[in-house]
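Chain A is already provided as a structure; the job is to place chain B on it using the hints.
The listed protein sequences derive, respectively, from chains A and B. Be aware that the first sequence starts at 1, since it is given in this note's numbering, and climbs by one per residue. Be aware that the second sequence starts at 1, since it is given in this note's numbering, and climbs by one per residue.
Hints listed in this document are in silico derivations from the structure and should not be mistaken for laboratory results. Since this is a predicted model, take the numbers as computed values, not measurements. None of the hints are false.
Coverage of chain B stretches by chain A, computed from C-beta distances (three or more under 8 Å per stretch; other residues unrestricted):
id : segment
1  : 33-44
2  : 93-106
Taking lysine to aspartate or glutamate and the DMTMM-like style, the derived pairs with C-alpha atoms no more than 25 Å apart in a straight line are:
id : chain 1 : residue 1 : chain 2 : residue 2
3  : B       : K22       : A       : E44
4  : A       : K57       : B       : E5
5  : A       : K11       : A       : E44
6  : B       : K71       : B       : E5
7  : B       : K57       : B       : E5
8  : B       : K57       : A       : E100
9  : B       : K58       : A       : E100
10 : B       : K42       : A       : D24
11 : A       : K11       : B       : E39
12 : A       : K57       : A       : D24
13 : B       : K71       : A       : E100
14 : A       : K57       : B       : E2
15 : B       : K71       : A       : E44
16 : B       : K37       : B       : E83
17 : B       : K42       : A       : E20
18 : B       : K42       : A       : E44
19 : B       : K42       : B       : E5
20 : B       : K42       : A       : E85
21 : B       : K37       : A       : D24
22 : B       : K68       : A       : E100
23 : B       : K37       : A       : E44
The beta carbon of each residue, even a glycine, is placed where N, CA and C say it ideally should be.
So you can see what is in the structure, the chains are spelled out below.
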Amino acid sequence: GAGVSQSPSNKVTEKGKDVELRCDPISGHTALYWYRQSLGQGLEFLIYFQGNSAPDKSGLPSDRFSAERTGGSVSTLTIQRTQQEDSAVYLCASSLVNNEQFFGPGTRLTVL
Amino acid sequence: GENVEQHPSTLSVQEGDSAVIKCTYSDSASNYFPWYKQELGKGPQLIIDIRSNVGEKKDQRIAVTLNKTAKHFSLHITETQPEDSAVYFCAASQGGNEKLTFGTGTRLTIIP
Numbered sequence: 001g002a003g004v005s006q007s008p009s010n011k012v013t014e015k016g017k018d019v020e021l022r023c024d025p026i027s028g029h030t031a032l033y034w035y036r037q038s039l040g041q042g043l044e045f046l047i048y049f050q051g052n053s054a055p056d057k058s059g060l061p062s063d064r065f066s067a068e069r070t071g072g073s074v075s076t077l078t079i080q081r082t083q084q085e086d087s088a089v090y091l092c093a094s095s096l097v098n099n100e101q102f103f104g105p106g107t108r109l110t111v112l
Numbered sequence: 001g002e003n004v005e006q007h008p009s010t011l012s013v014q015e016g017d018s019a020v021i022k023c024t025y026s027d028s029a030s031n032y033f034p035w036y037k038q039e040l041g042k043g044p045q046l047i048i049d050i051r052s053n054v055g056e057k058k059d060q061r062i063a064v065t066l067n068k069t070a071k072h073f074s075l076h077i078t079e080t081q082p083e084d085s086a087v088y089f090c091a092a093s094q095g096g097n098e099k100l101t102f103g104t105g106t107r108l109t110i111i112p
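One chain only, chain A, in its complex shape:
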């Protein structure tokens, strides 16, 4: 079946602009996660959704970052007033049970 999809695959923006990144999880997966991967680094947790609620937002680096999930499905990660240090690959994962997280291909964000 279809895996996790993310859009856009690449996003180039200017410093100070807002961006929205989208994640479509595997159908029926109740849990959804956002991670960030900076060049040559491991994955850094940002936020976790169970249904439409976000029980763990502890990884969001600043109040410029926010995320929502609607209908227990699609999620959007928004970064306001982007900075150059926001440049990274943003990865989304979804999970049904037992924490087996399946990742999408990521969105590569470049802030000029």
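Chain B alone, transformed into the frame defined by chain A:
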């Protein structure tokens, strides 16, 4: 919070030989330990995982061992092939739908 360390950061192995990647974790409450393989330009792919109620798990050429007392776990790849070349990440979590804490990755290169 949890801290996962991973070694080595790079590993070159002759085709047909074995490769071993090691990780340590800090939080004794962690009980789920997945390994992911990431190819260039793609999202991480789950290749094997282990839960704390077992000490070893094997899937064809891939095996994972867990030592809960010492808080370390290892990935073993036997009879390596060129397609095994990728970046491998270990991770740990407290199970359920808790976030994953990742190691910093190992770039594995298989030399033909």
